Each structure stands twice: as structure tokens, then as C-alpha cells.
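A.B. asks: Here's the letter readout for the chains.
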Amino acid sequence: MDKLLRQGWVKPLLFAVCLIPLGLLVWRGASGGLGANPIEATNRFLGDWALRFLLIALAVTPLRQMTGWNAVARWRRMLGLFAFAYVVLHFSSYVGLDQFFDWSAIGREIVKRRYITLGMVAVVLLIPLALTSTNAMMRRLGGRRWQALHRLVYVIAPLGVAHHWMMVKKDITEPAIHAAILAVLLGWRGVARLRHNGAATTARPTACSVPQSSSPSP
Amino acid sequence: MLIRSAADLRESEVTDKALWLDRRRFLALGAAGALALSGLPAEAGLNTVKGPFSTDEPPTPRKDVTTYNNFYELGVEKSDPAQLAPSYFTKTRPWSVTIAGECAKPGTLGYEDLIKPHRLEDRIYRMRCVEAWSMVIPWVGIPLGEVLKRFEPGSKAKFVEFTTLQDPERLPGQRRSVIDWPYVEGLRIDEAMHPLALLAVGLYGEELLPQNGAPIRLVVPWKYGFKSIKSIVAIRFAETPSRTAWMKAAPREYGFYANVNPAVDHPRWSQGAERRIGEFLKRKTLPFNGYADQVASLYSGMDLAANF
Numbered sequence: 004m005d006k007l008l009r010q011g012w013v014k015p016l017l018f019a020v021c022l023i024p025l026g027l028l029v030w031r032g033a034s035g036g037l038g039a040n041p042i043e044a045t046n047r048f049l050g051d052w053a054l055r056f057l058l059i060a061l062a063v064t065p066l067r068q069m070t071g072w073n074a075v076a077r078w079r080r081m082l083g084l085f086a087f088a089y090v091v092l093h094f095s096s097y098v099g100l101d102q103f104f105d106w107s108a109i110g111r112e113i114v115k116r117r118y119i120t121l122g123m124v125a126v127v128l129l130i131p132l133a134l135t136s137t138n139a140m141m142r143r144l145g146g147r148r149w150q151a152l153h154r155l156v157y158v159i160a161p162l163g164v165a166h167h168w169m170m171v172k173k174d175i176t177e178p179a180i181h182a183a184i185l186a187v188l189l190g191w192r193g194v195a196r197l198r199h200n201g202a203a204t205t206a207r208p209t210a211c212s213v214p215q216s217s218s219p220s221p
Numbered sequence: 004m005l006i007r008s009a010a011d012l013r014e015s016e017v018t019d020k021a022l023w024l025d026r027r028r029f030l031a032l033g034a035a036g037a038l039a040l041s042g043l044p045a046e047a048g049l050n051t052v053k054g055p056f057s058t059d060e061p062p063t064p065r066k067d068v069t070t071y072n073n074f075y076e077l078g079v080e081k082s083d084p085a086q087l088a089p090s091y092f093t094k095t096r097p098w099s100v101t102i103a104g105e106c107a108k109p110g111t112l113g114y115e116d117l118i119k120p121h122r123l124e125d126r127i128y129r130m131r132c133v134e135a136w137s138m139v140i141p142w143v144g145i146p147l148g149e150v151l152k153r154f155e156p157g158s159k160a161k162f163v164e165f166t167t168l169q170d171p172e173r174l175p176g177q178r179r180s181v182i183d184w185p186y187v188e189g190l191r192i193d194e195a196m197h198p199l200a201l202l203a204v205g206l207y208g209e210e211l212l213p214q215n216g217a218p219i220r221l222v223v224p225w226k227y228g229f230k231s232i233k234s235i236v237a238i239r240f241a242e243t244p245s246r247t248a249w250m251k252a253a254p255r256e257y258g259f260y261a262n263v264n265p266a267v268d269h270p271r272w273s274q275g276a277e278r279r280i281g282e283f284l285k286r287k288t289l290p291f292n293g294y295a296d297q298v299a300s301l302y303s304g305m306d307l308a309a310n311f
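Here the protein sequences line up with chains A and B, keeping their order.
When you read off a place in the first sequence, starting at 1, and then add 3, the result is the number in my numbering.
When you read off a place in the second sequence, starting at 1, and then add 3, the result is the number in my numbering.
To be clear, the hints were calculated from the coordinates, so they are not data collected in a lab.
Any given hint could turn out to be false.
[Unchecked claim] Facing chain A, a subset of chain B residues (Cβ under 7 Å, in silico):
{"no.": "1", "residue": "Asp67"}
{"no.": "2", "residue": "Val79"}
{"no.": "3", "residue": "Ile280"}
{"no.": "4", "residue": "Leu284"}
{"no.": "5", "residue": "Leu307"}
{"no.": "6", "residue": "Phe311"}
Given the structure is predicted, the values throughout are model-derived calculations rather than measurements.
Ideal Cβ positions, reconstructed from N, Cα and C, are used throughout, including at glycine.
Take the sequences, apply the hints, and build the full model.
C.D. replies: Below is the structure:
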């Protein structure tokens with residue numbers, strides 16, 4: 004399986020798959036499939052997919068660890084950037100379509116509506132992650148600092164889920180599903196870390212002989 | 004007007020059999036001759052007169068009014084009611100409404116008996132949802148106050164409470180407890196008696212569709228849409244205000260009055276502006292949804308920020 008996933012065509016295919024929601028939105032928009040309130044429908048559709056891509060990107064590491072398919076690690080950056088792209092589109096549709104660039108109204112909403120505040124914080128926090136996603140930036144920051152920065156996603160994803168949850172009027176099924184998935188994905192990491200630490204403590208004498216990562220220590 | 008009490012009445016008896024045979028004959032005959040024969044509202048195309056208070060703003064397209072609906076009994080997505088109604092809420096007749104509480108003539112009436120003494124009026128009203136969108140809807144209905152007076156509410160009748168049908172077979176959304184079923188709404192008696200308050204039985208000149216609250220619903224155009232309860236099965240005159248469905252679900256967010264008020268924000272939606280369905284830019288929301296001249300006096304001396 005891992006060998007199959009390393010084939011050259013897999014990643015371009017995945018890239019195309021990630022564009023499907025966007026294509027669907029454009030098609031629905033053109034064919035009148037967005038219903039009586041197309042602006043609300045667009046905004047919600049993009050928000051849903053922004054959140055889903057965040058969760059998908061967060062699923063890469065557990066998937067690799069569970070299955071041993073190390074090849075999936077090569078998708079992580081692309082999936083993360085797609086999450087960012089859908090977040091930016093969601094943000095843009097809010098600013099441009101929903102509020103029609105009424106910045107004072109947007110400002111009031113950010114201050115007043117807690118779910119919008121959280122959403123905006125999530126958008127802002129994602130920006131440095133997207134900007135440092137290139138190889139050059141990774142080298143410049145150094146692996147450890149880069150990794151520390153990108154752990155911000157553990158804050159951003161819960162913000163996104165909370166943003167959705169607080170926006171929903173009554174039926175919280177969907178945000179609850181997102182929250183459960185997020186809990187599993189973060190919980191997996193927590194457990195893995197505890198195990199790792201446990202192993203490191205009991206195996207202290209040999210821990211030093213484990214080769215250090217290639218990044219310089221801070 | 005014959006008013007029968009609930010005790011000696013079975014579901015099957017609420018509509019006179021001859022009346023229903025007549026309806027069938029009417030359907031078989033087709034629209035043209037039947038209107039003269041039956042004298043009943045026609046299945047397609049209701050016999051109406053122009054009512055007062057109609058706005059001359061262009062109505063929202065029929066397709067949007069009948070496919071973009073908040074009717075949680077038929078699903079929480081706005082597209083759900085129109086999609087689910089044809090397979091679930093197929094039968095809106097026979098239908099009866101129970102009248103109870105502080106009045107001289109309580110009882111249960113069939114739909115026809117409830118409607119027949121009144122003239123059906125066309126009334127084009129603005130509708131403003133608390134979610135900050137709006138429509139202009141050509142309703143067909145009868146003034147609520149005129150209907151209520153027939154039951155001779157007593158001096159203790161300070162409020163009126165309405166209840167939606169509870170039937171998970173026909174309203175599958177009720178299989179999940181999204182809100183506390185059945186849906187309950189209420190008005191103060193003077194609000195209910197106001198000539199703007201309408202019991203609607205039709206839309207765009209035709210009978211109401213299930214997603215719009217068939218066969219009979221309330222329309223209170225100066226209040227947020229959720230006050231306009233759908234598919235009514237019970238009307239009760241009461242001394243105290245009801246705890247309405249949305250007040251139970253989120254008391255901080257939904258008050259009893261729910262008057263359209265651009266100055267009082269909902270925790271989720273600013274109420275200063277609204278998007279008219281079909282329009283791109285938002286427009287300013289007017290106090291009492293633009294009906295202030297008619298209804299503001301009902302609330303003189305009240306703090307509408309506290310009584311939201």
C-alpha cells in the first residue's frame with residue numbers, strides 16, 4: 004500500500020480531489036442550485052469545507068502512525084494549504100458577499116459576536132502557518148521552531164469547531180461530529196506523546212543514543 | 004355556526020361527509036364549473052378579495068417562498084421542508100382545530116367550519132426572519148381577531164396560545180428532540196385582535212403547501228417569522244403568557260414579544276439590516292418591520308429592549 008501511495012500520480016490526483024468541493028460550489032452557483040439565499044449557502048458551504056480540510060490535514064499523522072503508510076506524510080502540507088485556501092474563501096465570502104465590504108459592520112460583528120471573534124482569530128493564526136509552509140521558510144526557521152509554530156493548529160482547529168458550534172441555532176449534530184473527530188485526532192496525539200514520554204523515562208540511558216533530528220537545537 | 008365540543012367528536016367526524024363528497028366532485032369536475040357548485044375555496048386558485056394593509060413591494064418569487072423554509076418539524080435545513088413534505092406531510096385534511104381556555108364557546112372545529120364564515124383576503128406582507136433575511140409574501144387568509152371573537156373570549160383571556168400539530172408520522176423532524184415539541188407560540192390578546200394579524204390558509208392565490216404551514220397558520224407581520232406558527236391544531240385563551248417553543252429552547256435569545264426591532268440585537272444576528280431574498284445588498288430593517296404606524300401604540304410605555 005505504501006508503495007502504491009508513493010506513485011507519482013497519487014499527489015496530483017489528490018490535488019484534483021481537493022478541488023472538487025470548489026468545483027461543486029461553482030457549478031451549483033451557475034445552475035441556480037444554491038437556493039433562495041445563495042450568499043448564505045456559499046458562505047456555509049465554504050466554512051464547512053474549511054473545517055473539514057483542517058480535520059483531514061490533522062488526520063494525516065495519526066493515519067500514518069496507525070497504518071505505517073509513511074507516504075501520506077507527503078500530503079500533509081498540501082492538505083493544510085487547502086484548508087487555508089477554503090478558510091480564505093470562506094472569509095472572503097463573508098467580507099465580500101455577506102457584508103459587501105462594510106468594514107465598520109464587520110468590525111462591530113467581530114467585537115460583538117463571539118463566534119465571529121473566534122473565527123477571525125482562527126483565520127489570523129492560520130496566516131503565519133501558510134506563510135511558513137515553503138521549504139525555504141522551513142529551513143530558515145529551523146525544524147524545531149517551525150514545528151512549534153505549526154502546533155498552533157492545535158489551537159486553530161478547536162477555534163474552528165467552536166465557531167461553527169456557536170453559530171448553529173439549534174441542531175448541533177454537525178458541529179458535534181466535528182468536535183468528536185477533532186477530539187479523536189488530538190487525543191491520539193496526546194496518548195502517543197504520553198507513551199513516548201513514558202518510554203523515554205524508562206529507557207533514559209539509551210535515549211541519548213537516539214539520533215537527534217537534523218534541526219539545530221534552539 | 005355549529006360548535007361541537009371535543010368530547011363527542013371523533014377524528015373522522017370533524018368534516019361533514021357531504022362536504023367532502025362535494026369536494027371530490029369538485030376535483031373531478033375541474034376548476035371552472037366547480038366554484039359555482041361548491042362555494043368552497045378551490046383547490047387551485049382561491050376565491051379572494053383584496054385585503055387592507057398590503058404592501059406594494061414586489062413579492063418574493065413563489066419558488067423561493069416555497070423552498071426556503073424554517074419548519075423544524077420537517078427538518079432543520081431550509082431546503083428540508085419542501086423536500087420532505089411530499090413524502091411525509093401528504094394529508095393536510097381532514098383537519099381540526101381545538102379551541103379552549105377562557106372563552107364562552109370552546110370546542111373543536113373542522114377546517115371548513117373555521118374558515119367558512121369569513122371572506123378570504125389577499126394580503127401582501129413583508130416577512131422578516133430573526134436570521135436577518137426577509138421576503139414579501141402574498142398570503143391568503145382571514146383576520147385572526149374576527150375568528151377569535153366567534154369564540155367569545157372572556158375578560159380573563161389576556162393571551163392566546165397556539166400549538167402546532169404533533170405527529171412524527173407526518174412531521175418526521177419531531178422524531179428528534181431538536182426543540183421541545185409541540186411548537187407553541189403566543190400573542191397578547193390585543194395583538195391577536197389587531198387587524199394586521201392574519202390566519203393564513205393560502206399563498207400566491209393557492210392553498211398553503213405543507214412547508215408553509217398548511218392548512219392553517221398564523222401571520223404576524225410586525226414580529227419575527229418564528230412567531231407565525233404553522234399547521235395550527237389548537238388555540239387556547241389564557242390568563243398568562245405561554246412559554247413558547249423558542250423561549251424554552253433559548254430564553255436569552257428569544258423573547259415572548261419578538262417584535263422586529265433593529266435596535267435590539269440577537270446574540271447571533273445583528274438586526275439593524277436584512278437581506279431581502281433575491282437581493283444582493285442588505286437593506287435597513289425598520290422598527291416593527293415597517294408596520295410601526297399600525298402597531299407601535301400596542302407597546303406604548305413598554306421597554307422593548309427588556310420585553311424583546
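A.B. asks: Tell me the hint numbers this structure goes against, listed in increasing order.
C.D. replies: 5 and 6
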